[in-house]
Amino acid sequence: MSKSVALFALLVMSAASSVSATEPPEFRLVIRDHRFVPAELKVPANTKIKLVVVNQDATPEEFESHELNREKVVTGRGTIPVYVGPLKPGRYPFFGEFHAETAQGALIAQ
Amino acid sequence: MNTPTSRRIVRALLLSCLIPASSAFAGAADPVYTPTVEQGETEFEFRGGYRDYDYAPNEHAFVFDVGYGVTNRWRTEAVLEYAAEDGEPGKLEALEWENVIVLTEPGKHWMDVGVLAEYEHSFASGPDEVKIGPLFQKEFASVIANLNFRFKREVGSGSSNDTELDYRWQLRWRGNEALEWGVQGFGELGTVDDVGGEDWHSAGPALFGVKRLAGRDKVRYNAALLAGLNDAAPEAGLRFQVEYEMY
Numbered sequence: 000m001s002k003s004v005a006l007f008a009l010l011v012m013s014a015a016s017s018v019s020a021t022e023p024p025e026f027r028l029v030i031r032d033h034r035f036v037p038a039e040l041k042v043p044a045n046t047k048i049k050l051v052v053v054n055q056d057a058t059p060e061e062f063e064s065h066e067l068n069r070e071k072v073v074t075g076r077g078t079i080p081v082y083v084g085p086l087k088p089g090r091y092p093f094f095g096e097f098h099a100e101t102a103q104g105a106l107i108a109q
Numbered sequence: 000m001n002t003p004t005s006r007r008i009v010r011a012l013l014l015s016c017l018i019p020a021s022s023a024f025a026g027a028a029d030p031v032y033t034p035t036v037e038q039g040e041t042e043f044e045f046r047g048g049y050r051d052y053d054y055a056p057n058e059h060a061f062v063f064d065v066g067y068g069v070t071n072r073w074r075t076e077a078v079l080e081y082a083a084e085d086g087e088p089g090k091l092e093a094l095e096w097e098n099v100i101v102l103t104e105p106g107k108h109w110m111d112v113g114v115l116a117e118y119e120h121s122f123a124s125g126p127d128e129v130k131i132g133p134l135f136q137k138e139f140a141s142v143i144a145n146l147n148f149r150f151k152r153e154v155g156s157g158s159s160n161d162t163e164l165d166y167r168w169q170l171r172w173r174g175n176e177a178l179e180w181g182v183q184g185f186g187e188l189g190t191v192d193d194v195g196g197e198d199w200h201s202a203g204p205a206l207f208g209v210k211r212l213a214g215r216d217k218v219r220y221n222a223a224l225l226a227g228l229n230d231a232a233p234e235a236g237l238r239f240q241v242e243y244e245m246y
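Each protein sequence line maps, in turn, to chains A and B.
Taking numbering that gives the first Met the number 0, the leading residue of the first sequence gets 0, the next gets one more, and so forth.
Taking numbering that gives the first Met the number 0, the leading residue of the second sequence gets 0, the next gets one more, and so forth.
So the derived label-pair ranges between C-beta atoms look like this:
| no. | chain 1 | residue 1 | chain 2 | residue 2 | range |
| --- | --- | --- | --- | --- | --- |
| 1 | A | P24 | B | L102 | 20 to 26 Å |
| 2 | A | V29 | B | G195 | 50 to 56 Å |
| 3 | B | D192 | A | E25 | 46 to 52 Å |
| 4 | B | A177 | A | T101 | 19 to 25 Å |
| 5 | A | T78 | B | L91 | 40 to 46 Å |
| 6 | A | N45 | B | G196 | 41 to 47 Å |
A few chain B residues that face chain A, going by a derived Cβ cut-off under 7 Å, partial list only:
| no. | residue |
| --- | --- |
| 7 | E37 |
| 8 | G39 |
| 9 | K107 |
If you're looking for bench data, these hints aren't it; they were derived computationally from the structure.
Ideal placement from N, C-alpha and C gives every residue a C-beta, glycine not left out.
Model the full structure from these sequences, guided by the hints.
Put into structure tokens, the structure is as follows:
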């Protein structure tokens, strides 16, 4: 079993060693009254970015986007990071799955 | 005696001996795992698979699974496995406790990494089994690539000293979320002391999709038609996975 554990550790370490050392630029996205503020957020194209999603509501929300391949729950009054990109220039819609009738937004990569 | 037919019979006998008696059949229903978890999500999953062998009885398996996303980094699942092979009655094969642990924040690093850890209690008189392995995910523009390795080791009375290694992979082209296409592959690499010694490999086209229901519920599915890539592999295989996700 020790060989398999060593091989497993090697696989994980090789993956972890390939991480990027620098933090990407941050963009703040607020959830307030079950809406995203701002509803449209301009971000640089061809660059990985970090969205800081701040939920000011008391209820949880899920940041979801098929186009961005992200689904992540943010608790009431909670904050989560969402890393996306690099994105080609274009419009990438996202929504709050728990209040999809109002929580709609988009990243504009340019 | 050393004719092609006799060699084929000998090879069939040898290869059939490689199939463990208790726990391998449910492998026909194995999925490809991703290092992603949704907190608070309850999922009911049904999956199945069929493997057609030219040197051994064909296998089919069905799995029912209930899982819950405890945090954004940990999902735990209870899995009930049913399996059968041609000529034998089907039976409940095992109860499994399965856990997916996300090690890296999705999208933060060059590659996303997680761990799959399973404990399988066999209903047969044989030993139980511990399975653990890394889950990798990498996005290449509109393609999402996943690779799983899994180390399997029997535990308890009568257990083998061998640790076996298997793998799964998939490529999924992102498009319309209701129907996307891709490729999946499954295989075994033998024991860690002799990787590649008793290996088999299969791959084939796959479909993926999500259907959103009223409220927050979703049905997610994927299926693949697999072809054997070497002599030891199943000639053909078919597998599917359907998940009902709710909050």
